[in-house]
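Participant: Sequence:
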Amino acid sequence: MVEIKQSKRPGAVRRKGSCSPLELLAKQKLVDGSPFLPVEAVSAGERLFADFMRGQMQPRVTASLTPRLETRVKGHQADSASDCALDARQRVRQALRAVGPELADVALDFCCFMKGLELIERERQWPVRSAKLMVRTALLALARHYAPSVPQKAQLRQWGDQDFRPLARAFGIPSDGQS
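Residues 1 to 179 in UniProt numbering are what the sequence shown spells out, letter by letter.
For the record, the hints were derived by calculation from the structure and aren't laboratory data.
Just to be clear, a hint being listed does not mean it is correct.
Stated by the list, open to error - Across the chosen pairs, the derived CB separations fall in these ranges:
#1 Pro35 to Tyr146: 16 to 26 Å
#2 Asp161 to Pro35: 25 to 35 Å
#3 Asp83 to Phe36: 33 to 43 Å
In this text, a Cβ means the ideal position worked out from N, Cα and C, and glycines have one as well.
All chains should be modelled from the sequences, with the hints used to inform the complete structure.
Facilitator: Right, here's the structure in full:
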């Protein structure tokens, strides 16, 4: 059974008792001492995992021995997931679509299924130490999806001349004390 506890950051969820591959990779440093993963990339990976867990998307590995409730309610099919879970699933799908088909599986395996770098390389028959760069690329793309760049402020434009001033009565507002 996986226990989930709140992280130090608000809204972040992580597994209890074990260090995730994302946390291990986040601790690594580059040659110049800067972190291998930017904070935005780590936050994006944690957010994907949180939505994955909220969406109840993890596969079941055991049979449930509890009796199932009736799946039909007065002739209509009952929903099997809450609105919160459905929204979380939609957010996961949107995030993986934004990352792209080449990196979506890597992000899902690393952040959600907690597969290590060596296992990802072995499963995909990639060269040694290549998963580290692919995961970093996937997390940076994920961070771009979650925190898009702020567009520059648009310049105010008008279609009138420079000295054009609209009349207040054109908008139904009395001017000069007239009613």
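Participant: Does each hint fit the structure? Answer for all of them.
Facilitator: Tested hints:
1. Pro35 to Tyr146: 16 to 26 Å: 18 Å, holds
2. Asp161 to Pro35: 25 to 35 Å: Violated, since aspartate 161 and proline 35 (Cβ atoms, about 55 Å apart) do not stay within the stated range.
3. Asp83 to Phe36: 33 to 43 Å: At 37 Å between Cβs, range holds.
Of the numbered hints listed earlier, the single one contradicted by the structure is hint 2.
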